[in-house]
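Asker: Starting from the given sequences, assemble the full structure and let the hints guide the process.
Protein chains in written order, with the numbering used here: chain A, 1 to 278; chain B, 279 to 556.
The hints are simulated quantities; they were obtained by calculation from the structure and are not laboratory data.
Among these hints, one or two may not hold up.
Quick list of the computed label-pair ranges, beta carbon to beta carbon [to be verified]:
1. A:E4 / B:D361: 27 to 35 Å
2. B:R325 / A:G172: 42 to 50 Å
3. A:T52 / B:A464: 49 to 57 Å
4. B:Y434 / A:E192: 20 to 28 Å
Glycine included, every Cβ here is placed at the ideal spot set by N, Cα and C.
2 protein chains.
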Amino acid sequence: MSEEAHAFVPGHVTGFFTVDWDDDPTKAGSRGGGLALSDGVRVTVERAEETTIALDGTDIEMDAVDRVLDALRAKARVSAETDLPLGAGFGVSGGMALGTALAANAAFDRGLSYNELVTIAHGAEVQAGTGLGDVVAQARGGIPLRLEPGGPQYNYVDAVPARTRVEYHSLGELSTAEVIDGETEALTAAGERAISQVVREPTLSTFMRASRQFAREADLLTPELTQVIGEVADAGGDPSMAMLGETVFTLGTGLTDAGYDAAVCEVYPPGGTVEDGG
Amino acid sequence: MSEEAHAFVPGHVTGFFTVDWDDDPTKAGSRGGGLALSDGVRVTVERAEETTIALDGTDIEMDAVDRVLDALRAKARVSAETDLPLGAGFGVSGGMALGTALAANAAFDRGLSYNELVTIAHGAEVQAGTGLGDVVAQARGGIPLRLEPGGPQYNYVDAVPARTRVEYHSLGELSTAEVIDGETEALTAAGERAISQVVREPTLSTFMRASRQFAREADLLTPELTQVIGEVADAGGDPSMAMLGETVFTLGTGLTDAGYDAAVCEVYPPGGTVEDGG
Chain A
1 MSEEAHAFVP GHVTGFFTVD WDDDPTKAGS RGGGLALSDG VRVTVERAEE
51 TTIALDGTDI EMDAVDRVLD ALRAKARVSA ETDLPLGAGF GVSGGMALGT
101 ALAANAAFDR GLSYNELVTI AHGAEVQAGT GLGDVVAQAR GGIPLRLEPG
151 GPQYNYVDAV PARTRVEYHS LGELSTAEVI DGETEALTAA GERAISQVVR
201 EPTLSTFMRA SRQFAREADL LTPELTQVIG EVADAGGDPS MAMLGETVFT
251 LGTGLTDAGY DAAVCEVYPP GGTVEDGG
Chain B
279 MSEEAHAFVP GHVTGFFTVD WDDDPTKAGS RGGGLALSDG VRVTVERAEE
329 TTIALDGTDI EMDAVDRVLD ALRAKARVSA ETDLPLGAGF GVSGGMALGT
379 ALAANAAFDR GLSYNELVTI AHGAEVQAGT GLGDVVAQAR GGIPLRLEPG
429 GPQYNYVDAV PARTRVEYHS LGELSTAEVI DGETEALTAA GERAISQVVR
479 EPTLSTFMRA SRQFAREADL LTPELTQVIG EVADAGGDPS MAMLGETVFT
529 LGTGLTDAGY DAAVCEVYPP GGTVEDGG
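Answerer: The following block contains the structure:
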């Protein structure tokens with residue numbers, strides 16, 4: 001029995017989404033589309049007397065991770081590292097939940113399947129209120145289109161068959177919980193329109209256009225975001241807003257061309273993976 | 279509109295499988311388990327006046343690839359390269375079918391989704407009689423467990439959450455068509471027992487044990503295969519037979535430890551991917 005195991009989970013920027021509540025957290029979730037990113041979360045799980053969680057060297061509390069460890073009957077030191085900004089719409093909490101599930105399964109020899117671990121991480125995120133669709137998208141990799149909500153036993157996930165360079169620039173945080181706990185009918189209707197558009201033509205340019213339209217229709221743009229998106233579009237780029245953070249992302253060199261010192265990564269084809277045998 | 283596009287599809291060794299016929303080729307297929315490999319097939323699709331297909335520089339005929347191009351209303355020069363041996367149980371034909379679908383969709387701007395392209399490639403393989411489950415497994419990556427047969431709209435795919443080094447040694451070819459067109463009831467029953475075992479404990483060691491047991495029960499081992507598998511097991515390794523080829527594969531350094539000059543690769547987490555934007 002190994003004492004320690006490692007996992008890597010891609011970051012995930014959501015372009016558009018719906019809110020689909022259900023009493024069963026493995027059926028609840030969201031539909032939508034996003035980009036899995038080569039910038040992600042690396043998680044180490046080490047057996048311990050008491051559970052502690054650290055992110056980039058600082059001890060933190062993270063309900064979703066606690067719930068994952070409880071489900072796996074595991075007490076562990078969870079240490080995560082990421083280059084992604086926090087609370088800015090990159091699925092860091094989803095990445096920590098899924099990475100913890102994958103690594104704890106290996107470190108504690110729990111013998112669960114990939115989909116079982118995704119289900120645990122997805123349910124933990126939903127119950128913690130920190131995300132609805134990131135875990136499922138981060139388990140798929142690529143450019144996932146979540147066409148039915150919930151964990152792997154209930155959902156249906158397709159993808160845009162493409163790869164691309166991605167740039168992002170973060171202005172600040174937005175609370176996922178505040179948005180998804182509020183009035184979400186108009187947001188879900190806008191999300192459904194965006195999904196229909198991308199299902200009709202699953203290409204990168206349609207994806208970005210649907211994302212921009214969703215951000216406007218769901219009324220989530222701050223004045224600062226609107227300004228950056230305008231500047232990138234004026235420079236010939238294809239920008240939108242990461243759901244949910246005060247973050248602009250763009251394909252290719254859109255932010256750089258507009259003069260921003262943007263972070264650069266790319267679409268990451270695989271989903272989250274444990275890095276050890278099992 | 280790009281004139282040329284590229285895709286990479288991992289190889290796939292099947293450890294155990296069932297045969298599940300259906301009149302609808304998108305519902306037909308197989309259940310089973312295998313390893314997606316970092317050794318795979320790189321496919322280039324280039325618009326052309328007439329369709330031609332080349333593998334490693336030699337012009338060949340490949341029904342599954344023709345069918346994929348027909349479905350996409352495309353005439354193209356398809357050039358594939360692979361380090362994998364042919365007809366030896368590595369899913370080269372499935373890789374060419376899926377790689378052609380992904381690259382042709384990009385080169386001809388067909389605007390289809392990932393699952394639509396997998397469905398086309400899967401149906402083409404089934405109708406060509408060259409494979410039943412490779413395409414679906416090669417679209418998943420990792421260590422796929424195909425729990426329901428058919429293309430993405432009908433199947434259910436889980437996975438063993440692990441990574442590992444893989445070695446293989448090929449002694450010769452076996453005809454997939456001959457086996458799957460023959461009497462498959464006993465084979466399917468053995469495949470179902472193997473699947474149950476791995477679903478109960480989705481780990482690498484259970485996967486290899488179930489694969490060995492399937493090879494014996496389905497009566498597919500040649501005397502040469504039995505000998506190599508015995509030597510690797512005697513040297514402390516964990517070997518089995520690739521379905522369907524006269525090929526031994528093993529985790530870690532099993533074949534090397536037994537004195538074979540084996541090919542070395544590793545489990546490849548992503549599924550087949552187009553390498554261009556779209």
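Asker: Take the hints in turn and mark each one as holding or not.
Answerer: Now the hints, each set against the structure:
A C-beta distance of roughly 34 Å is found between A:E4 and B:D361, which places it inside the suggested range of 27 to 35 Å. The supplied range of 42 to 50 Å is met by B:R325 and A:G172, whose beta-carbon atoms lie about 47 Å from each other. With their beta carbons about 53 Å apart, A:T52 and B:A464 fall inside the hinted range of 49 to 57 Å. Between B:Y434 and A:E192, the C-beta spacing of about 25 Å keeps the proposed range 20 to 28 Å intact.
Every hint, counting from the list given before, is met by this structure.
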